[in-house]
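Knowing the structure of chain Z, use the given hints to seat chain B on it.
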Amino acid sequence: MNVNILFFASLREALGVSSESLALPANVVSTGDLRDHLAARGEPWSVLAATKNLRVAVNQQMVGLDAAIKAGDEVAFFPPVTGG
Amino acid sequence: MSVSVQEADFDVGAEIAALSAGREDVGAVASFVGLVRADKAAMEKLGDGDTAPNDATAVQAMTLEHYPGMTEKALDAIVAQAHGRWDVFGVRVIHRVGRLLPGDRIVFVAVASAHRGDAFAACEFIMDYLKTQAPFWKKEETPAGGNWVDARESDNEAAERWAPGQKSVRS
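The listed protein sequences derive, respectively, from chains Z and B. Residue 84 is where the first sequence ends in my numbering, and the numbering goes up by one at each step. Residue 1171 is where the second sequence ends in my numbering, and the numbering goes up by one at each step.
Bound-form chain Z, shown alone:
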């Protein structure tokens, strides 16, 4: 089972991808772990570590970077929202 990862707005543009499916490595158990795992790929993925106030949602609920994740989850990374 994989996690489905989504990227939005400036992150989506910087990464050149809006989603990917990833088999969760055993040492990735939180949203912060996943962020670090992706950022470790190097450019352009390091933008995930460099983004100030990076926001993350798990299964469409805003959570912190310490939230647990498991196979089957939808995890979204995005910059602070600017609607309204």
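These aren't lab readings, by the way, just hints derived from the structure by calculation. There could be a bad hint or two in this list.
Covered by chain Z, according to a simulated footprint, are these stretches of chain B (three or more residues, beta-carbon under 8 Å) [unchecked claim]:
| hint | stretch |
| --- | --- |
| 1 | 1057–1068 |
| 2 | 1128–1134 |
| 3 | 1137–1143 |
Under the rule of at most 35 Å between Cα atoms (straight-line distance), these lysine-lysine pairs were calculated in the DSBU-like manner [what the hints assert, rightly or not]:
| hint | chain 1 | residue 1 | chain 2 | residue 2 |
| --- | --- | --- | --- | --- |
| 4 | Z | Lys52 | Z | Lys70 |
| 5 | B | Lys1073 | Z | Lys70 |
| 6 | B | Lys1139 | Z | Lys70 |
| 7 | B | Lys1139 | B | Lys1073 |
| 8 | B | Lys1139 | Z | Lys52 |
| 9 | Z | Lys52 | B | Lys1073 |
Don't be surprised by glycine CBs; every beta carbon is placed ideally from N, CA and C.
Only chain B this time, still in chain Z's reference frame:
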């Protein structure tokens, strides 16, 4: 249907009228309409001492991106919180997505209640929370290129006024 995310424009008068149609207990409908402003980037850049001409940074259009699915859930949750905090009869939230031009409507919030106090407060609460909780992102088009709008700390402060224990502006 209290929440809509759509590309199409909306009819403010019809939406306001619908909140009290067929009922006699509504004493107040408070509403807010957000519009695309042409001069945002220009004003902010000039405010920093940048002398770039207005026409180079003036917003020619704005594209609203969102997170389909989560957006509706987030707006529903905000509306539910408003219902829990104030005596409101009905709420309508419309947020447009896609490419919009200066002067276009972006967002509409209206709240029906028996009295204006609850209607005003709930309307302002919904807008403040929408600004910080609902997954929308604005990208401006200017003659100098496109740029993603930065989140504003003042928006966070506006939302924090409504946190439990904080004194809200109109309660």
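Sort out which numbered hints this structure fails and list those numbers smallest first.
none
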